[in-house]
Amino acid sequence: MELCSPASVSSTDKVVRTSLGRYLPTASAGVRPAPATELAAYGGARLFRGRRVLDIGTGDGRLALGAARWAREVVGLDPDPSAIKAARAGAKRMGARNARFVVGPAQELPFRDGEFDVVILSWTL
Amino acid sequence: MVHALHEAHRVLRTGGLLIDARPDSRRVAPVEHHERGRPRPVGTVNTSAESRVDDRLSDRAIARVKREGLFRSRRASGFLHRVTFPDRAGLQSFLDDSVRLVRRVRWSVDAATRRRWERDTFSVQRPVRYELLEKITPRG
Chain A
1 MELCSPASVS STDKVVRTSL GRYLPTASAG VRPAPATELA AYGGARLFRG RRVLDIGTGD
61 GRLALGAARW AREVVGLDPD PSAIKAARAG AKRMGARNAR FVVGPAQELP FRDGEFDVVI
121 LSWTL
Chain B
126 MVHALHEAHR VLRTGGLLID ARPDSRRVAP VEHHERGRPR PVGTVNTSAE SRVDDRLSDR
186 AIARVKREGL FRSRRASGFL HRVTFPDRAG LQSFLDDSVR LVRRVRWSVD AATRRRWERD
246 TFSVQRPVRY ELLEKITPRG
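So the protein sequences, as listed, match chains A and B. Numbering-wise, this note's numbering puts 19 at position 19 of the first sequence, and it's gapless, one number per residue. Offset between the second sequence (1-based) and this note's numbering: plus 125.
None of these hints come from the bench; they were simulated from the model. All figures in this text were calculated on a predicted structure; none of them were measured in a lab. There could be a bad hint or two in this list.
Quick list of the computed label-pair ranges, beta carbon to beta carbon [as the list claims (entries may be wrong)]:
hint	chain 1	residue 1	chain 2	residue 2	range
1	A	A34	B	R161	22 to 32 Å
2	A	R112	B	A214	46 to 56 Å
3	B	S233	A	R97	48 to 58 Å
4	B	S233	A	R72	41 to 51 Å
5	B	A237	A	R72	55 to 65 Å
6	B	R199	A	V102	21 to 31 Å
7	A	G44	B	G140	17 to 27 Å
8	A	R72	B	R200	18 to 28 Å
9	B	R199	A	R72	16 to 26 Å
10	B	P211	A	D113	42 to 52 Å
11	B	G194	A	D80	25 to 35 Å
12	B	R163	A	G44	27 to 37 Å
13	A	G104	B	P166	36 to 46 Å
14	A	Q107	B	A237	47 to 57 Å
All C-beta atoms, glycine included, are put in the ideal place defined by N, C-alpha and C.
Based on the provided sequences and hints, a complete structural model is requested.
Shown next, in the form of structure tokens:
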């Protein structure tokens, strides 16, 4: 496995001070690379354009919504209903009509055989 | 984990891609001090033992589905993700809250230097690894 140089693919996320006086990453961006960085590393538009994409363990949908600008359809799945609620709100805010979010476990996917072209397991396994 | 991978395999079309991405616990994360906007390595931080065990289990699950002939590796690589902190307290607070990283930095500079840098910007370069796996056969 080869590691890219920091200059080629690297993201810098700012950390903000919370009301409790502690420093926390802005949402999940601080502990996770920016969606654009992550998706570009995997193949970006070339990989996702026109595809049906499933993001397992989608959380607040940050990666799924990043892929939605290229994909034909994106489905985000997470066992946490509050995360899915946040993801749906994000999709509405972004006007991502090709994105939908479903509550469910990774071990029993509520989808048909062969329904997707790309499945993402990012920070999930 | 293997069950989840089998499910991912089921919902993928043949030739479809599974992307497995995770922090790379096999590599230490460099800690950097920023001077005039330029980051310079001044230490390292390791992944916690518990997370390393979890990551090895994930590696084994991926290895198993490859062995089963369900997927083959198309590409494996990685990148560095820089998390920046306004001062040393911010860095320490992040490590205290982190479930993946250990709390102590292994510094390559002495304590007096670190005290002088108390209010300077620091960052951690977290290695991230990923693999693109192609579904090659339907599961029998």
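Outcome of the hint check:
1. At about 25 Å, the beta-carbon gap between A34 (chain A) and R161 (chain B) stays in the expected band of 22 to 32 Å.
2. Range check, R112 (chain A) to A214 (chain B): Cβ separation about 51 Å, and the 46 to 56 Å hint holds.
3. Between S233 (chain B) and R97 (chain A) the beta carbon distance is about 51 Å. The supplied range of 48 to 58 Å therefore holds.
4. At roughly 49 Å, the beta-carbon separation of S233 (chain B) and R72 (chain A) lies within the given 41 to 51 Å, and the hint holds.
5. In this structure, A237 (chain B) and R72 (chain A) meet the distance hint of 55 to 65 Å, their C-beta atoms being roughly 59 Å apart.
6. Taking 21 to 31 Å as the suggested C-beta distance range, the pair R199 (chain B) and V102 (chain A) conforms, at roughly 27 Å.
7. In this structure the hint that G44 (chain A) and G140 (chain B) lie 17 to 27 Å apart at CB holds, the actual value being about 19 Å.
8. Restraint check, R72 (chain A) to R200 (chain B): a C-beta distance of roughly 22 Å satisfies the suggested window 18 to 28 Å.
9. Taken as a hint, the range 16 to 26 Å holds for the pair R199 (chain B) and R72 (chain A), whose Cβ atoms sit roughly 21 Å apart.
10. Between P211 (chain B) and D113 (chain A) the beta carbon distance is about 50 Å. The supplied range of 42 to 52 Å therefore holds.
11. Separated by about 33 Å at the C-beta atoms, G194 (chain B) and D80 (chain A) satisfy the suggested range of 25 to 35 Å.
12. A hinted range of 27 to 37 Å holds for the C-beta pair R163 (chain B) and G44 (chain A), which are about 29 Å apart.
13. Here the CB-CB span from G104 (chain A) to P166 (chain B) is close to 43 Å, well matched to the stated 36 to 46 Å.
14. Q107 (chain A) and A237 (chain B) have their C-beta atoms about 53 Å apart, which keeps the hinted 47 to 57 Å range intact.
The structure shown violates none of the earlier numbered hints.
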